[in-house]
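First to last, the protein sequences are chains A and B. When the first sequence is numbered by the numbering used here, its final residue is 167 and no position is left out of the sequence of numbers. When the second sequence is numbered by the numbering used here, its final residue is 126 and no position is left out of the sequence of numbers.
Keep in mind that the hints are not guaranteed to be accurate.
[Stated by the list, open to error] A short, non-exhaustive set of chain A residues, derived as facing chain B with CB atoms under 8 Å:
#1 Ile39
#2 His42
#3 Gly50
#4 Ile127
None of these hints come from the bench; they were simulated from the model. We treat Cβ as the ideally placed atom computed from N, Cα and C, and that holds for glycine.
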Amino acid sequence: MGILPDEIKPAMQGVIPSHVVTCSRDGTPNASAISQVYYVDADHVALSHQFFNKTKRNIEENPRAAVWVISPETFEAWDLELEFVGSETSGPVFEVMEMQIEAIASIVGMKGIFKLRAADIFRVTAATKAVGERIPLTEIRAPR
Amino acid sequence: MAVGAAVHHDRRTVTVFVPTARASRLLRDLASNGRIAVGVSLASHEAYQLKGTYVSSKPTDDAERAHQEARRNSLLASALEAGYPEAIARPLTMGLAYTPGVAITFRAEEVFLQTPGPGAGTLLS
Numbered sequence: 024m025g026i027l028p029d030e031i032k033p034a035m036q037g038v039i040p041s042h043v044v045t046c047s048r049d050g051t052p053n054a055s056a057i058s059q060v061y062y063v064d065a066d067h068v069a070l071s072h073q074f075f076n077k078t079k080r081n082i083e084e085n086p087r088a089a090v091w092v093i094s095p096e097t098f099e100a101w102d103l104e105l106e107f108v109g110s111e112t113s114g115p116v117f118e119v120m121e122m123q124i125e126a127i128a129s130i131v132g133m134k135g136i137f138k139l140r141a142a143d144i145f146r147v148t149a150a151t152k153a154v155g156e157r158i159p160l161t162e163i164r165a166p167r
Numbered sequence: 002m003a004v005g006a007a008v009h010h011d012r013r014t015v016t017v018f019v020p021t022a023r024a025s026r027l028l029r030d031l032a033s034n035g036r037i038a039v040g041v042s043l044a045s046h047e048a049y050q051l052k053g054t055y056v057s058s059k060p061t062d063d064a065e066r067a068h069q070e071a072r073r074n075s076l077l078a079s080a081l082e083a084g085y086p087e088a089i090a091r092p093l094t095m096g097l098a099y100t101p102g103v104a105i106t107f108r109a110e111e112v113f114l115q116t117p118g119p120g121a122g123t124l125l126s
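With the rest of the complex left out, here is chain A (with noise of 0.2 Å):
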């Protein structure tokens, strides 16, 4: 059995998007937000390379990334914590998550600007899942 459980994959579909958190080797932090983070298989997922060009040189120095996602579902988060494992510029997961990218693009009106450069495999060493953050869905008022 993998990391990742079942019920996280709602939370990789790019519905809404999750940020990603890198440190360059002097310790600086980064934050950004990314479209999507792609569920590979129960062990692994795949960031989207794009724009975000710090991120991939904080990555190069320090192969270490966390991040959070959430699902348009259940509106729980969770936080995984990543290694770094290599790029891909072709091959089943980059053609995937390309597709995917484009259709993102097309919904939020950034056709043309998302582009993906690589798939960017990780090896996922924890997933957490974030309490005490989130209201429980029955517990948020519909509008009167």
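Given the structure of chain A, go ahead and fit chain B onto it with the hints provided.
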């Protein structure tokens, strides 16, 4: 995920409000390193990143919680205006828990543009 922030009169000092549930590891890291990066964005995708140095933290007070409630409401309005359906926008924004919370103050030293596009990453000030 922080809920709300306030820029002080000097326009260099910023306080960001973080749920206590999220704060413990953050404060541990800040105590050991002192460096902070905060991403701020609108539902329209306009986004910025502030980088700076940690100054202090304390539990949020009533005035700060009122500010957070207002920011959460305006975030919902912003998400709806940007075209997010109500079924996503409302639980996403109104589901942000902000109490109990911690007010984390830092000195902003750099501001970067992060709106998706060729200018992303540009140092603004």
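Hints, verified against the model:
{"no.": "1", "hint": "Ile39", "verdict": "holds, 6 Å"}
{"no.": "2", "hint": "His42", "verdict": "holds, 7 Å"}
{"no.": "3", "hint": "Gly50", "verdict": "holds, 5 Å"}
{"no.": "4", "hint": "Ile127", "verdict": "violated, 11 Å"}
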